[in-house]
Amino acid sequence: MTEGSEATGEGARERPSALDDIREALRRAPRELPGLEQALDGALAREPGRADLHLARGLLLLYRDQEFEVARASFARAHELASADADLAGEAWLEEARALELRGQDRAAREAAEAALAAAPAGSPRRALA
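Read in the working numbering, the sequence shown has 123 at position 123, and its numbers run on one by one without any break.
Just to be clear, a hint being listed does not mean it is correct.
Unchecked claim - Pairwise CB distance ranges, derived in the manner of DEER restraints:
#1 R46 <-> A76: 19 to 27 Å
#2 V70 <-> G42: 12 to 20 Å
#3 D87 <-> D41: 30 to 38 Å
#4 G35 <-> E111: 30 to 38 Å
Calculated from the structure, these hints are not laboratory results.
It should be emphasised that the depicted structure is a prediction, and the values quoted were computed from it without experimental measurement.
Where is the CB? At the ideal position from N, CA and C, for every residue including glycine.
Let's have the full structure, built from the sequences with the hints guiding it.
Now the structure itself:
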């Protein structure tokens with residue numbers, strides 16, 4: 001799969017340029033972080049079913065804003081939507097595990113890490129991160 005395309009059951013389709021907007025805002029970061037949030041919010045408004053955008057939103061909420069519970073909700077939505085993309089689902093579970101760990105919820109963090117392992121296909125580099 002190439003950058004800018006999304007695999008589907010019948011081949012690949014081009015993704016809209018929302019991710020390009022997000023990437024551009026990241027390149028200008030940190031001085032223009034509001035641009036990142038605006039690009040991401042706009043992309044989610046246009047395509048609420050995109051797991052990768054929910055994952056990106058969760059990352060922003062977790063690492064920049066430290067909004068742990070709201071971030072967890074974004075990660076949960078991402079792994080729910082990413083059922084056909086094992087790597088993406090695994091990454092969402094792994095980030096949810098990190099959010100739980102940061103909140104001192106060790107048992108729940110272990111359960112989320114186990115879900116990340118279960119979601120990641122054999123040979124995936126994500127398995128080593130969980």
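Quick rundown of the hints versus the structure:
{"no.": "1", "hint": "R46 <-> A76: 19 to 27 Å", "result": "21 Å, holds"}
{"no.": "2", "hint": "V70 <-> G42: 12 to 20 Å", "result": "18 Å, holds"}
{"no.": "3", "hint": "D87 <-> D41: 30 to 38 Å", "result": "25 Å, violated"}
{"no.": "4", "hint": "G35 <-> E111: 30 to 38 Å", "result": "36 Å, holds"}
Of the numbered hints stated above, the single one contradicted by the structure is hint 3.
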